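Novice: Chains as they are written, first to last, in the numbering used here: chain V, 42 to 448; chain Z, 41 to 336; chain W, 199 to 605; chain A, 30 to 278.
Derived from the structure by calculation, the hints contain no laboratory data. As the structure is a prediction and not an experimental result, all values here were calculated from the model. Don't take every hint at face value.
[Stated by the list, open to error] Reference listing, derived: stretches of chain V covered by chain Z, where coverage requires no fewer than 3 residues with Cβ under 8 Å from a Cβ of chain Z:
(1) 342–353
(2) 362–376
(3) 398–409
Just so you know, even glycine gets a beta-carbon here, dropped at the ideal spot from N, CA and C.
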Amino acid sequence: MKSPRTVTIAVTFVAGLYFILDFVVPPTLPGLSTRGVALTTSPASFTVEVPSNRPATYLVAKDDPLRPQILVAQRDVMGQIKLVPTTLRQIGPGSVVTMRRGPFEVKAVNGPTILTQSGATIQVEPGSGSFALYDPATGRRVRSATAGQTLQFEQRDAKVLTTDPGSIELIENGRRATLKLGRQSVVMKLSRYGAGTEIQLDGVRPGDTVQIGPNTYFADNRDAAAQFNLVITTMAFGIGLFSLGMVNGQTLVKRRSGWYLSAFFFGAVILGVAAGIGKYDDPGTKARAFSDFVVVQIIASVTSTVFSLLAFYMATAAYRVFRVRTGEAALMMVSALIVMIGQTPFGSYLTSWMGERYSSFWLPNIAAWILRVPNTGVFRGLVFGVMMGAFATALRYWLSMERMAGD
Amino acid sequence: MTDRTLKSLARLEVIPRRTIYLFLFVACAIPFLVPIRLPLHIWKETRSAFDVTSKCPPGKVIAISSSWVSGSQGENWPQYEAVVAHCMLSNIPFVVFAVDADPMAPQMAEIINQREAKRYGKVYGRDWVNLGLTRGAPLTMGAIGRSVKTVFQTDFQHTSTEDYAKLPLMKQVRTVRDFYCLWAVDYQPDLNWVVFLDPTGNLPVVFACAGIVSPTFYSYVSSGQLKGLMVGTRGAAEYEELLRDTYGKRFDDRDLRGNKLIVPLAFGHLVIIAFIVAGNIGMAARRRQKAAEDNR
Amino acid sequence: MSGYWAANWPIWISAFCVLAVYTYLYKDNALYRVMMQIFIGVNLGYQAVIQWRDVLYPQWWLPMLDGFDALFGGKGSPWGVLWLLVGVLGAMFYLQLSRKYAPFSKIAIGITIGIGAGLTFKSQFGQNLPQLLDSFKPLAPSVVRMQPKTALRLAGSDFAPLVDGSLAVFVTGRQAVAQEVMGGVELWRTTLPSPASGSPVVSGQFIDVPAGTNVLELDPSSGAIVANRRSTATEPPAVALEAQAVYRQPQYIHGVDLIAKGNLIRGVALRNGVAEGVRKNDELWNRAFAEPVVCLQSFDGVAMVVGRHRSELWELPVPQAKLTFGDYFDNWVFVLTLVGVMSYFFFSFKRRGPIPVAAATFGRWMLMIGFGAFFGNTVMTRMSFLLDRLMFLIDDWLRPLWHALFR
Amino acid sequence: MLAFSGLVLWKISVAKRHPDRVYIRPIAGLKAIDEAIGRAAELGTPILFNPGIEDFTNIQTLAALGVLGHVAKKCAQFSTPIIVTTCKPVMVAICEDVLRSAFDSAGRPDMMHVSEVRFISTQNDLAALGASALMVDRRVASVFLFGSYDYTSLLISEGGKIAGCMQIAATADYYQVPFFIASCDYVVMVEELFACSSYLSREPVMMGSVAGQDFGKLLLLSLLGIGVVLATIYGTGNPFNGYERLFSF
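Okay, chain V solo, but in the shape it has when bound (with noise of 0.2 Å):
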């Protein structure tokens, strides 16, 4: 089969481009972008449709008390809809979007109209589902606004119609120029280290250094590729699962010797499922107590037992290992044998009688010092090869270059 192959070649080295570009690439192109020093910016804005009402444009400008905070509905990774704050360049026409604008203080209310201390005038929608006034200090929901009150409001479900990315005047190499953002534009705040970092056009300060450049897209989508990764690999957990139970299966069918020990699986399985779906229950009910029975008394307790035989081994290891048979053997059994006194009360019991004045000689101090100092050595040595090694793996397998598959 040769497509196959080549199609495989083709996503490796895609599927990893994206990882290596997402490194490589900063958020706006070097040779596409402007970098000058801002002086004036006009603000942005954006016009939004509301259920009820006839369109809006609303300014995103700074100093504004009503400027709209613009937030969209998300799902976290624990799979809830949480409302979180975007920028301008994230949302497009036909976006749903809410908006929350405020802390502002009441001057007066004519009917559906609320007149604000800086003047502006807020239109009230009683009985609107996507229009609500809060209190922001409690975060309670208010009926109906009264002079001299401090509130915000929310407008939920509101449509966006068109957006305007807004523009900025600037000096670009000594001379005065004004740059109209393109819808996908990204302003990077310039600092006296590093690439700097991206900010809203609404944020930019008089003599601020921005780089002004379109989008490369590779930092915006970081989550989602993360979450793409996650969720491929996870995908193929049914197959362990399948590999388990044809084995087990195949054993309890055909009464091959120690066919009781895939039987008492099959039942754990069902336990652990059991177990499993009874986690996501409150607590305080009997599915959630059983659950945590399993995983506190069974799951935890043998994890924690395995985990503790090790010591067991570990002596057995150490007295095969630790003989005077080399000058090497004895270089790694003299350093585990400090180390090993050094961490134990014995260690400053032994050496403690030196006295201060020869402290460094201490057990403890002489482990302490093999750990911060020769060991870190060592450890950065390994850890330089290590990377070199894994660079060189890496780059074979993405350029497919690596006959792993045997082809």
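With chain V's structure known, arrange chains Z, W and A on it following the hints.
Specialist: Structure of chains Z, W and A alone, referenced to chain V:
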């Protein structure tokens, strides 16, 4: 040396594994039944961890990232216990959270919190808050630093973190600026805490880790990225010793796990060392025996 | 006794699990095998539920449903439908089970391998670069004393200049000059109607410059005079030119305090341990400025030294550790170990000559010391886990039993 | 990073043109592979291969798969069955793929029937104990432990020791190397793991990449030299003031 002593000594070279297992088991069990005390040497990493925590000014909280579960409770339990006891003894409020951990992690931490709170008369919500579990390190770490309540909208019992009647402590916990320092207690704490939680690098970060991974962290302590290090049970026992020195009577009347475990630990090490020495004596004896036979 | 059983039966189950695993230490036996199968089964069933509920359900299934919902008129992003494709890709793993379609499973495997390779570059580089830079250790006391470096020259000022973000405003006589402090680009220069009599300050969105009894309001982006008003009672009276330098130190860079006297500036340690071996009030460096200092302030990793005719931005040196003989010895050991270990792992060079051979041999020795230290450290951890189980058996299981039986 | 990739690719191309010019130092543990497979063939029992505890996102696992391919080919020559154990479900598919291709290329597709890939548990300690049990049940002659390991290294290798298997281990997880030294017959240390598959296959691509990797290390060493000299002249950290802010990961 006679041939017979040599011969019996040479048997030390091949001690059956079950004998070693038995000796180890018994040696570790004895100190549990017969109380023994040994003096402790306090390593400078532990001392600096203690000093950092002690200096917490009023109005600040200590953040503890407790991401361990029963698998590593042999070391992390005493460590976490010592840190919590320290916070409660010196009336420092703290918040606990777990990032990218097993779902059991908040419960494990809460068992210890409740036990210590009973002892020192502390109240949940006022003296500590357990914020529960979240995922997505290292990006989440930065998000916690920017706004604690955005990441943790509820605590581990689903109480809203803005419900100040139930959780008055959350009134003063907003961003990383409200933290005095971060303790990360885990089998292998994530080094990303140093970089992501407070990008300015002003927040002291202290790790409590398992002994096995500790060699990787010493270099970060010497470079100042970590302000202290609590290594395994030994670190926990030393920390308790420091608590005993500082708080005297209020702490003195009991043993936490660190002090309980450090003596059996020393005995276990001693058994292993004894067997290593025995093995070498056996090897030397056999060599000599062989040389004597060859000469004959 | 019945009360004992009601409270302690879970402990008995736990203890039974622990002891069943420990029987393996004596001999491989049927009880151990059965228990192991049960643990494997329980764990697998539990994990299967968790993988679905914690990963696939929130991160794949729900977003996909949201996508379909959006496609048929719901809100949200229709792009979620693409997760269906991910599902198809994930299903390709299962083609491995069929002989005929097995080559197609390589596409899914290729993607995952590509991701693995791509991630390696980023993770290895990110983890190890700081390690490399930290490995540059001095081997002898340094011969050069580090001094602040001049990063930028700026305009002079009669009064403490205003620094707001990256914008700095200097006033000399009837001139006000705004420069940004990253590259020194001049934004504007304004001639004032009367000589300035104090430091400019930020007030709302404007910059206030005191001039006699009046206050001039300047637009920060163009320097245009927006208003010329009498100073109000709340504004402090204009400060006369001071002989002593004015400090404004919002940031102590690297834990260093700056002290100016006449035209000499000294960097002094703010506290003990700013660098290893440095004590509070130790002088770290001093440097003379060309003229008497009017104002000294620090921000963003630099210090701004202001004189009447010119100002400079100084990059401050990192405080150097005062190393002792012992530290240099440690550094030698560290560097030699690192080099030795790295050269031990050269594969494609034949080792010729005494130096490479000696380096590799030394590296191997140090490697053994390092391995010994790893071993010693691990013993402590493993032993702790064993003790934890012993403590469970003795304190949680046997002691209550003893009490129930004999008290 | 780009420079290093270039170096590797250049060396690979050199090795492709002049395969004889590239030298690779023999790695002690690898010579034992033939011996281990031979032992299994004599006894007529299977060998067990464990590709570590990680999945393909760990580069060591990928290196181990290279070795698995080689071992499988050798096994096909001797008609020795292979058991592969793993604790990552996704690795089942990948390992089967490697085995199938290796057997096909050795002209023994029938070997797939006697060999198997066993997923044991997602919990890696249980997987290690399960593998130890398999070693006893199947009377495994030789055990190959290649790849990334954590604390379970001793769990699995002591299991093999108790079962009396001949064991060859290789890992780049340096913490585990001492435990393998303690309980295995041959240990391929740390980085040597990455050179393994090159040494075994003697393919120009692999040899070249190892040579490139060595040049990369030489580059790193010279950087280190320059850095140390600068640090000695200027004192700690100074020429690199603020370097950490250049890289925001």
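Novice: The structure should be examined with respect to each hint, and the outcome stated for every one.
Specialist: Hints, verified against the model:
{"no.": "1", "hint": "342–353", "result": "holds (count 7)"}
{"no.": "2", "hint": "362–376", "result": "holds (count 5)"}
{"no.": "3", "hint": "398–409", "result": "holds (count 3)"}
In terms of the numbered hints stated before, the structure departs from none.
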